[in-house]
Structure formats: structure tokens, C-alpha cells
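Chemist: The lines below spell out each chain.
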Amino acid sequence: MPSTEPNHRGVSLLKRLFHGATLTALVVVVSGFSTAQSKSKPVAQNPGASTSFASGISLGAIDYAQRTVDCTITQRRRFLGPTGVPVTVREEVKVDADGTDAPPYELTYLGVEGEQPGSPLWQQWAQNYTRFASLYHQHGGFRVRNLPAAQSNYTVHNFGQITRAGRSACRIVVLPNRFDKAVWLVDVDATTFLPLYAAEYDSQLRLLSEVEVVTFSTAVQLTNPRTPSMTVTPYQDFAAAEQAIGGKGLVEPQTGPLSEYVLSRIHGTDNPLNGRHSMVLTYTDGIDECFVIESPGVPEYFAGLPSQIGSGLDDASGNHTIARYRDPSMSVLLFWYDGVGFQIAGRGSLRRLDEFAKTIYAKAVTGR
Amino acid sequence: MTTSEGPGKPQSPLTPACRAFLRNGMAEDDHASGCAFCSARLGARRKLGEWLAQPIAPPAELESAAFLDSIKTRIVDRAEASALGQLLDQAMPVASPAALERAFPVDLLDSAVGTSAVGDPTGDLVGSVGELGWARVRQRVLQQMHADRSRHLARFRMIAVFGVAAAAILCSILVSEGTRRPPSIVFTDVSSVPSLEFSPMAVLRHGTDH
Numbered sequence: 001m002p003s004t005e006p007n008h009r010g011v012s013l014l015k016r017l018f019h020g021a022t023l024t025a026l027v028v029v030v031s032g033f034s035t036a037q038s039k040s041k042p043v044a045q046n047p048g049a050s051t052s053f054a055s056g057i058s059l060g061a062i063d064y065a066q067r068t069v070d071c072t073i074t075q076r077r078r079f080l081g082p083t084g085v086p087v088t089v090r091e092e093v094k095v096d097a098d099g100t101d102a103p104p105y106e107l108t109y110l111g112v113e114g115e116q117p118g119s120p121l122w123q124q125w126a127q128n129y130t131r132f133a134s135l136y137h138q139h140g141g142f143r144v145r146n147l148p149a150a151q152s153n154y155t156v157h158n159f160g161q162i163t164r165a166g167r168s169a170c171r172i173v174v175l176p177n178r179f180d181k182a183v184w185l186v187d188v189d190a191t192t193f194l195p196l197y198a199a200e201y202d203s204q205l206r207l208l209s210e211v212e213v214v215t216f217s218t219a220v221q222l223t224n225p226r227t228p229s230m231t232v233t234p235y236q237d238f239a240a241a242e243q244a245i246g247g248k249g250l251v252e253p254q255t256g257p258l259s260e261y262v263l264s265r266i267h268g269t270d271n272p273l274n275g276r277h278s279m280v281l282t283y284t285d286g287i288d289e290c291f292v293i294e295s296p297g298v299p300e301y302f303a304g305l306p307s308q309i310g311s312g313l314d315d316a317s318g319n320h321t322i323a324r325y326r327d328p329s330m331s332v333l334l335f336w337y338d339g340v341g342f343q344i345a346g347r348g349s350l351r352r353l354d355e356f357a358k359t360i361y362a363k364a365v366t367g368r
Numbered sequence: 001m002t003t004s005e006g007p008g009k010p011q012s013p014l015t016p017a018c019r020a021f022l023r024n025g026m027a028e029d030d031h032a033s034g035c036a037f038c039s040a041r042l043g044a045r046r047k048l049g050e051w052l053a054q055p056i057a058p059p060a061e062l063e064s065a066a067f068l069d070s071i072k073t074r075i076v077d078r079a080e081a082s083a084l085g086q087l088l089d090q091a092m093p094v095a096s097p098a099a100l101e102r103a104f105p106v107d108l109l110d111s112a113v114g115t116s117a118v119g120d121p122t123g124d125l126v127g128s129v130g131e132l133g134w135a136r137v138r139q140r141v142l143q144q145m146h147a148d149r150s151r152h153l154a155r156f157r158m159i160a161v162f163g164v165a166a167a168a169i170l171c172s173i174l175v176s177e178g179t180r181r182p183p184s185i186v187f188t189d190v191s192s193v194p195s196l197e198f199s200p201m202a203v204l205r206h207g208t209d210h
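Protein chains in written order, with this note's numbering: chain A, 1 to 368; chain B, 1 to 210.
Calculated directly from the structure, the hints in this document are not laboratory data. Note that the structure is predicted; figures quoted are calculated from it, not measured. Cβ coordinates follow ideal geometry from the N, Cα and C atoms, glycine included. Fair warning: there could be bad hints in the mix.
[Unchecked claim] Some, not all, of what chain A presents toward chain B, calculated at C-beta under 8 Å: (1) Leu80; (2) Ala126; (3) Asn128; (4) Arg276; (5) Arg324.
For reference, chain A alone in the conformation it holds in the complex (with noise of 0.2 Å):
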């Protein structure tokens, strides 16, 4: 038998040449971004200046600091819209921390950068906002969601200290241990650990995602408690989630191909439009995040289509299909069986969802 040690060192080289490309990679073109987008330029200072905070910058402190530090803060949120076109939204946050990991909050839509209020742009983003902003507060942007599995899954890197929204900040990358994941730069506050920036990278180096802190403050009166559009009805395990949205079919995953992975949240949701029930399985491995989505009682997702093969049904050759849609951003995949419809969605970087998909389906199909 081949010995697997050789393999091991060359992933393990692999691993380190990947890390120095990217720091390198990410400061070049990070500190070229920002100064072209942002209005509160970054300013570099003496990287032989105290280190004494850099040193400090964790995980863990970034942790607790979302917990346990109140802030009322106006950021812009960048998406890549619908059209393919960047889109700027300012919004306000405010957060009431109370030491837990989901502290009572208020998301305020203020307005698209460079429309004018009442535009159709603008008025669509505020329905988005309206729908979304709970999605856009607790999914979007960077956050430690688990800090054990944060601490095995990713590394972090400090790059100095840097001003940032007209505070003291330190910038850090925090790098993923596997290639599939995405990239962070994160510019975190001095005095409060809270990230005052936040960028996703994927491994090409494409910017999927930008949080920026335009103005801070600790102080907090939360007046209108952000509440989900959706009724939101969290569960302590699939147990109690599959009795309480009942419905035959429901599968309860195994995070086999994602081993990093644990489920940190079982939610149902109640659509207010057509009353549908849906069962949402959030996993993640510390910073990343990806979803397992069981709706009983859908039609079939497909069955409008011209061809003949179901997403759930076996086609001639016995084979089950799974549809699935990919590009640098997210990977969403659908199939259908026994009368519940499936979604398993991510980054688009993380093609293990494909397998992780196929474990779901061949549950769903053997029962087992």
C-alpha cells in the first residue's frame, strides 16, 4: 500500500503557500479597494507602534465582544443586485447586547447610496429590508457563531492597526483551514473588539460580500425591536421541530461530508402569505454558515417542466435528480421526494454540498 505520508506533506505545503498568497494577495488588493469605495479612508499607521492591542485580537474576544457590547451603528451593506449591479444600502443597527448570541435588535433601512428617497430602487430595497433585514442582521456579514468550532476551523492573522470609521482598529484576516471556504478581512475595533469592517473573499480573490461601518457608538435605546416578517418558532432538536411542522418525509441530516460542521439552530417558519410550514437547519463551522431547507406538503419544483424527468421521480434509468445552481457567491441545490421539497444552500465555494446533498436525498429515498 502506497504510503499516504508524501500526500500529507504536500497538502500541508499546499495549505501554507495557499495562506501566504492570500495574506499577501488580500492586503494589495484590500487596501486598493477601500480607498476607492470607502469615504472614511483607512489611514496605515506606524506598524511599530504598540502592539499590544494587536496581540489581543481573537476570535474569542470578538466573541464576547458581540455579546456583551452594546453599539448604535450606521454601516453600508453592499450586495451584488439582481441585475448583477453592486448595490450600496446605508442602514442604522442598533443592538441591545444581553450576553447572548442573538441580543435584541433594530435594523433601520435608510436608503440606497445614490438614489433618491421614494426612487423605484429605493422603494424596492426598503420592501427587501422590510422582508429581509432580520436575514441581512443575523446571516450577512461577518460574526463568530460558534467560538470552539471558530477556534479549530479558521486562524487569524493581524495586519496592524489602521483607523477606521474615525476609531482605532485592527486590521486581521481570518483564514479558513480548508480551501473551500471564504476569506475574511475583518477590521476590528480597539476598544471594543466589535468588527467596524467586514469583507468576504472568496479563494480567487472575488469580493462577495462588504460590511462597513460609517459611524460607531456603545450607546443604545432600542425603540422598535426588530421582529422576522416570517413567524420564526425555534426548536431544541429535529425531534420536536418534525412534531411540531409534522408533515412525512422530513429528513434529518448528517453532517458527514461537512464533519466541521455542527447545527447551531432548528427553526420553523410559518410563510404569513400561504401559511406553508417550513423546517430550517442552520449548521455552520464557527463563521460560515449553510442551510438545509425541508418544506413539506410543495409541489414538485420541477413538474412544470417540458422534460420527463422529476427531480424526485426516477427517471428511466432509475436515477434521481438534483438540480443545482452555482456560481462564485452561493450554491443552491433543490430535489423533491415524497411530497417534500429539499434546499440545501451555501457558499458557492463549498462544493461539498453536492455530497451533502446526495446523504439527504438517499436518506429520504432508503428511509435510512
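Position chain B relative to chain A; hints supplied.
Modeler: Structure of chain B alone, referenced to chain A:
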């Protein structure tokens, strides 16, 4: 003590009292002290009792098998030498094994039956059949042996083949019943994000789900 029991007969020394004494187990009483005969019997009884109370070990010769065999041999020899032994020897003589062999009915071989079965007992048996004949007989015997052996091997092979086939069929039945073929799953790539009620990644990337 003597008692007169009749003319010409010798007188018994036992009196009725003596007989009663003996009959009653020679219990010590006034009669024994007054009768010399009974008193002597009582004294002998005491002495004998003392001797009987001390067990005597038998002689070592009695435990020797050779000693006992010599006694038995001596008894047999004396019986053979006696008048009864001589009479039995004459009436029932014992024949030795050598004598039995010499008593084989050789005359039977000279008869027609013996000649046809065995042939001339005084002739050369090999020469009468011929070397070619004996070679053929030998060859036929060897062929028969090989044929039997090959039949045995063929039968064994047939049994083995059937056994293996039966085992294979049984195993395939058992395995197929216990396992299911995993479903075949294929991926179909689509060019745009499917329109869904809720698509979190599409919302996070594009701000909306359509």
C-alpha cells in the same frame, strides 16, 4: 461325674446338670464351681476368649501368588496321579495344536472337488494359467481400481460443485434480502437561481429572493 446309663454301655461324663450348664451358655454358677468337667470347660473358654481377642496377622506367604499357585499345582498333580485322574486321561485325551494341524484333511485335495478348486496341489499354479493371463488379470484388477477411484473422485467433484453453487445461491439470496442498492443520484445544473418561497443565500447575496 459319672452316671450309670445302662448295662454294657460306657458311661458319659456329662450329667443333666452339666448339659443344662452347657446349654445355658456356660454361665458361671454353683454347678461350675462344683463340677470338674464344667469348670475345665469354663477355664478353656476364658483362655480361648483371650486368644481370640488378639487378632493374629496372617503369614506373608498367604499373600504371595506364587505360593498359592504352587499349592494349586500340587493339588492338580496329585489329582492327576490318583486313580480318578488316570481314568479321565484314558477316556478324554487332550489333543495339542500341532496335532490339529497335522490332522488337516489332505485326502480332500486329491478328490475332484479339491482339484477343480485349487488345482494340482503338487503342480505349479503360475505355470498352469500363464504369465500373459496373469498379466491380464493384474491389468484388469488395476483398471477396476482406477475406475472405482475416478468414479469416487467424479462423485466428490459433483457433490462439491453442487454444494458451492447452493452456497452461492443461498448467500446471494440472503445478501440481496438484507441490503438495498443505494439510489442513483445525478446532478442537473441550472443557469439561474430557482424561484423559491425562501432562499437564504439568494437573499444574502442579492438582497432578495427573486
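Chemist: Confirm or reject each hint.
Modeler: Checked hints:
| no. | hint | in the structure |
| --- | --- | --- |
| 1 | Leu80 | 6 Å, holds |
| 2 | Ala126 | 11 Å, violated |
| 3 | Asn128 | 5 Å, holds |
| 4 | Arg276 | 7 Å, holds |
| 5 | Arg324 | 5 Å, holds |
Going through the hint list in order, the structure does not satisfy hint 2, though it satisfies all others.
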